[in-house]
Amino acid sequence: MSGIKLLLLSLILCTSCSKKQKNTVREPYRNWGTLEIKTRYQTLTISKFSDSAEYYYITDSKGEFKTFTEPKYQAENDKQEKQKIFFTKAEKDSLSKYIYESVTQPKFTNVLATDYVGNVVLKLDTGNMNLVCEYYSVGDWTTVSENTKKIYDLISKKIKISKQ
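In the numbering used here, the protein residues as written are 652 to 815.
Any given hint could be a false lead.
Said to hold, decoys possible - Each pair of labels, with its calculated beta carbon distance range:
#1 Lys713 x Asn682: 39 to 47 Å
#2 Glu732 x Phe759: 32 to 40 Å
#3 Pro757 x Ile663: 46 to 54 Å
#4 Ser807 x Asp729: 35 to 43 Å
#5 Glu678 x Lys808: 36 to 44 Å
#6 Thr760 x Lys730: 17 to 25 Å
#7 Ile663 x Lys758: 52 to 60 Å
#8 Gln756 x Lys713: 35 to 43 Å
#9 Arg681 x Asp711: 34 to 42 Å
#10 Ser807 x Phe759: 34 to 42 Å
#11 Lys730 x Asn682: 32 to 40 Å
#12 Lys809 x Arg681: 17 to 25 Å
#13 Phe759 x Lys730: 21 to 29 Å
Stated by the list, open to error - PhoX-like, lysine-lysine: derived pairs with alpha carbons at most 20 Å apart:
#14 Lys748 x Lys689
#15 Lys809 x Lys740
#16 Lys800 x Lys748
FYI, nobody ran anything at the bench for these hints, they're computed from the structure. Keep in mind it's a predicted model, so treat the numbers as computed, not measured. Backbone N, C-alpha and C define an ideal beta-carbon position, used for all residues, glycine too.
Construct all of the structure, not just a fragment, from the sequences and the given hints.
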């Protein structure tokens, strides 16, 4: 009887010890604190730990978007606007993935638009490091890559955002 117990104990130890722990590598795009998408006309800042995002833009007296400039260069009728935008956790995760991939695997383009049209800055802030990708004079920034298109599509469901 003790031989059987010893044999069973040996089998249990052998099978339980033979399993190796899996290395669970966390996706690097999930390690972020703040995301920022900045166009020529708007800035959208998304915090991982907040239920809302901040959306800034400037409009003229006709309600048209204006380029961000220093206050001394703004017209008297220009209004600085600020809105709270709500994103789900899944939407934030998708944006972080698209921005991370855009920053770590940038797409190069031969497009050169005149008058500096088509600017976007994509930023992923981890708290102790910023990853940034800037596209300037690319015309419609949503056509630079599949990820920039996905970023625009997700954001434009919530707010009006410039493609230039």
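Need the list of violated hint numbers for this structure, in ascending order.
Violated: hints 4, 5, 6, 10, 13.
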